[in-house]
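Undergrad: Listed here are the chains, written in short residue letters.
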Amino acid sequence: MRYLDEFNDPALARRVLDEIHRITTRPWAVMEVCGGQTHSIIRHGIDQLLPDGIELLHGPGCPVCVTPLATIDRALAIAALPGVIFCSFGDMLRVPGSTHDLFSVKSRGGDVRIVYSPLDAVRLAAQHPDREVVFFAVGFETTAPANALAVDQARRQGLTNFSLIVSHVLVPPAMEAILSSPRCRVQGFLAAGHVCAVMGLDDYHPLAARHQVPVVVTGFEPLDLLDGIRRVVAQLEQGNAEVENAYQRVVTPHGNPAARALLDAVFEPCTRDWRGIGPIPLSGWRLRSEYHSFDAETRFDVGHINAVESPLCHSGEVLQGLITPPECPAFGRECTPRTPLGATMVSDEGACAAYHAHRRITVGNA
Amino acid sequence: MPDPADWSCPTPIGTRGEVVMGHGGGGRLTAELVAEVFQPALANDTLDRMADAAVVMAGGARLAMTTDAFVVRPLFFPGGDIGTLAVHGTINDLACAGATPLYLTAAFVIEEGMSMRDLARIAASMGAAARAAGVTVVAGDTKVVDRGRGDGVYITTAGVGLVRPDANVGPERAQVGDAVIVSGPIGQHGVAVMSVREGIEFGTPVVSDTAAVHQLVAALFDAGIDTHVLRDPTRGGVAGTLNEIADASGIGIVVDEPSVPVPDAVRSACALLGLDPYQVANEGRVIAFVSGADADRAVQVLRSTTGGAGATIIGRVVGDHAGMVVGRTAIGGTRIIDMPLGELLPRIC
Chain A
18 MRYLDEFNDP
28 ALARRVLDEI
38 HRITTRPWAV
48 MEVCGGQTHS
58 IIRHGIDQLL
68 PDGIELLHGP
78 GCPVCVTPLA
88 TIDRALAIAA
98 LPGVIFCSFG
108 DMLRVPGSTH
118 DLFSVKSRGG
128 DVRIVYSPLD
138 AVRLAAQHPD
148 REVVFFAVGF
158 ETTAPANALA
168 VDQARRQGLT
178 NFSLIVSHVL
188 VPPAMEAILS
198 SPRCRVQGFL
208 AAGHVCAVMG
218 LDDYHPLAAR
228 HQVPVVVTGF
238 EPLDLLDGIR
248 RVVAQLEQGN
258 AEVENAYQRV
268 VTPHGNPAAR
278 ALLDAVFEPC
288 TRDWRGIGPI
298 PLSGWRLRSE
308 YHSFDAETRF
318 DVGHINAVES
328 PLCHSGEVLQ
338 GLITPPECPA
348 FGRECTPRTP
358 LGATMVSDEG
368 ACAAYHAHRR
378 ITVGNA
Chain B
22 MPDPADWSCP
32 TPIGTRGEVV
42 MGHGGGGRLT
52 AELVAEVFQP
62 ALANDTLDRM
72 ADAAVVMAGG
82 ARLAMTTDAF
92 VVRPLFFPGG
102 DIGTLAVHGT
112 INDLACAGAT
122 PLYLTAAFVI
132 EEGMSMRDLA
142 RIAASMGAAA
152 RAAGVTVVAG
162 DTKVVDRGRG
172 DGVYITTAGV
182 GLVRPDANVG
192 PERAQVGDAV
202 IVSGPIGQHG
212 VAVMSVREGI
222 EFGTPVVSDT
232 AAVHQLVAAL
242 FDAGIDTHVL
252 RDPTRGGVAG
262 TLNEIADASG
272 IGIVVDEPSV
282 PVPDAVRSAC
292 ALLGLDPYQV
302 ANEGRVIAFV
312 SGADADRAVQ
322 VLRSTTGGAG
332 ATIIGRVVGD
342 HAGMVVGRTA
352 IGGTRIIDMP
362 LGELLPRIC
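Keeping their order, the protein sequence lines are chains A and B.
Mapping of the first sequence onto the numbering used here: position 122 corresponds to residue 139, and the numbering continues sequentially without gaps.
Mapping of the second sequence onto the numbering used here: position 250 corresponds to residue 271, and the numbering continues sequentially without gaps.
Keep in mind that the hints are not guaranteed to be accurate.
[To be verified] Cβ pair distances, simulated, as ranges:
id : chain 1 : residue 1 : chain 2 : residue 2 : range
1  : B       : ASP277    : A       : GLU285    : 47 to 53 Å
2  : B       : THR225    : A       : ALA46     : 40 to 46 Å
3  : B       : GLY220    : A       : THR315    : 30 to 36 Å
4  : A       : GLN65     : B       : LEU293    : 24 to 30 Å
5  : A       : THR315    : B       : PRO99     : 40 to 46 Å
6  : A       : PRO44     : B       : THR225    : 34 to 40 Å
7  : A       : ALA163    : B       : THR225    : 22 to 28 Å
8  : B       : GLY45     : A       : PRO68     : 32 to 38 Å
9  : A       : ASP22     : B       : THR88     : 39 to 45 Å
10 : B       : ILE221    : A       : GLU285    : 53 to 59 Å
11 : A       : ARG32     : B       : GLY45     : 42 to 48 Å
12 : A       : GLN65     : B       : ARG170    : 49 to 55 Å
13 : A       : ALA46     : B       : PRO279    : 28 to 34 Å
Since the hints were derived computationally from the structure, they do not count as laboratory data.
Here a beta-carbon is modelled for each residue, glycine too, at the ideal position from N, C-alpha and C.
All chains, full assembly: derive it from the sequences and hints.
TA: Printed below as a string of structure tokens:
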């Protein structure tokens, strides 16, 4: 099975959609946590096919979007230092800092490289002992194991010219913060399958019980998402609030024990600022003290960073599901993928970019 | 929300003081570069049509003329090299103007230290590609630059062809009811190059589609197909090309997504890298807008040609949503298929 067509089958999708329509008796607001889910929902037009009352709220799970501006500004400053090879995943390059982005650093002579894995950055460090190789380690629980592995390998290889800017964030504390807000509208969650593939479901049971919200773990193909929505709606209609795993081909109850052990060895929980949202207690990971020599932010002194957010950007409210992208006054006007004010307009997974790319108009009977 | 009186004009990060790589991506940034820098300085009626090849009158003949630069890295990739690409790319620009390609020129900017053997191999494959396509390389130039100031070799070509008397194509001729046809599977060239460049291997190796399409185009005209628009979906891919046509003609385009031929290997690679196959470059495909009445026949004609076996109808021109390309997804939803912005950026996860 290659999973290319099986979870994109129109006839099956129709059946699940019919079932959702059949069981829905009143309006429900469901949040998909992850930007990958948002992208897929908009990309396949799933939201348009649901009953009118089912509202999908787009969650904060886009790593590019929630990385604090100050961290991006610091990364830009480090990337511009002579002697540094700055490695990043592709979609961080266009994220605007206060005044510019990594593409601009590159065009002014900075050595900025797109890599597909942090292990590529470790390899670069081994190949260029005379250069400092810095990897921009952003992401949720999904990308963290590879970053932990990179640190572990760099240490085993005795590399002293490799470091990371760590800006890891965690899903359950963000869900907790959203549910604790007095303005919270979320009644059920579609939890992110790849995050749970690493971490398992353990953290979600207390969350579901405490806030009485159903949590269904989904994959990213259309049928994964439709089946997840069906299960959340079924629980809501029946007054249940349980954790369900609708992505059993990938997710096991306790996640990946090897990855979790490595994460625990390399990282420790810390409070993190979320761009547009603010600080959330114990919502991130930082390097443990034994690995401090791999921390780029202590290795390079780039002075005081004065990050200035655009006052027009409402990405924080978008990330909490309080408004949809088109409800932001700057959407499609001052803020476009060409001239992004916030990171949500940059990454393919950002809700604003997804809306701008695929949903600028309400398409009629095209 | 802050008091509107306190609002400041947001920093226009988009308006850059320097060129970034995205300006070369064939998307919105490229269009802006041309519109803001080159068009004002060089404007004339022919250039302003912004076609891949210009059609000019000379001595009573309708000539198509084009120029193209090739900076591909790596120089050799599965299915071809920079030399085959240079010949095919130039021929295809002429073919999409409705011309029979005749003569090419080529200038080589060579980096000091370039392997003589590799250079000879590239020259040989250019010769072979030109002979196979029935065109002649009639002039050339060579320059050498310091080591570190080039990626081995850059090639710039020019091409001249004779526009067929029965050809009248251009984006402005797209009409409501036209069928949109692509001549074969998409996304292969971009994925092939990326897989070698980034050292990523897939279960099935993806081979570039690089090929000359002039015989496919000739077959359409020979069969009397009412052909309105011809384009080769190179940089920016099918998404970029369809958006340019929709934009230039003020029509809407609906793409039936399940009909778009995306090979499994391309689909897997793009899913893995977070890329959209519609935005990935092709080098041996042509997109044809033909009158709805001729659509099925056009597909048959293309399928009978070498390189056209995978021809298929992927969409149609509609009167709604002018200037916009809309996809109908497999499960029945709709979405906008947007113009790529600049460089394709692999996603984090």
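Undergrad: State for each hint whether it applies.
TA: The hints, checked one at a time:
{"no.": "1", "hint": "B:ASP277 / A:GLU285: 47 to 53 Å", "verdict": "51 Å, holds"}
{"no.": "2", "hint": "B:THR225 / A:ALA46: 40 to 46 Å", "verdict": "43 Å, holds"}
{"no.": "3", "hint": "B:GLY220 / A:THR315: 30 to 36 Å", "verdict": "32 Å, holds"}
{"no.": "4", "hint": "A:GLN65 / B:LEU293: 24 to 30 Å", "verdict": "27 Å, holds"}
{"no.": "5", "hint": "A:THR315 / B:PRO99: 40 to 46 Å", "verdict": "44 Å, holds"}
{"no.": "6", "hint": "A:PRO44 / B:THR225: 34 to 40 Å", "verdict": "46 Å, violated"}
{"no.": "7", "hint": "A:ALA163 / B:THR225: 22 to 28 Å", "verdict": "25 Å, holds"}
{"no.": "8", "hint": "B:GLY45 / A:PRO68: 32 to 38 Å", "verdict": "46 Å, violated"}
{"no.": "9", "hint": "A:ASP22 / B:THR88: 39 to 45 Å", "verdict": "42 Å, holds"}
{"no.": "10", "hint": "B:ILE221 / A:GLU285: 53 to 59 Å", "verdict": "33 Å, violated"}
{"no.": "11", "hint": "A:ARG32 / B:GLY45: 42 to 48 Å", "verdict": "46 Å, holds"}
{"no.": "12", "hint": "A:GLN65 / B:ARG170: 49 to 55 Å", "verdict": "52 Å, holds"}
{"no.": "13", "hint": "A:ALA46 / B:PRO279: 28 to 34 Å", "verdict": "31 Å, holds"}
Going through the hint list in order, the structure does not satisfy hints 6, 8 and 10.
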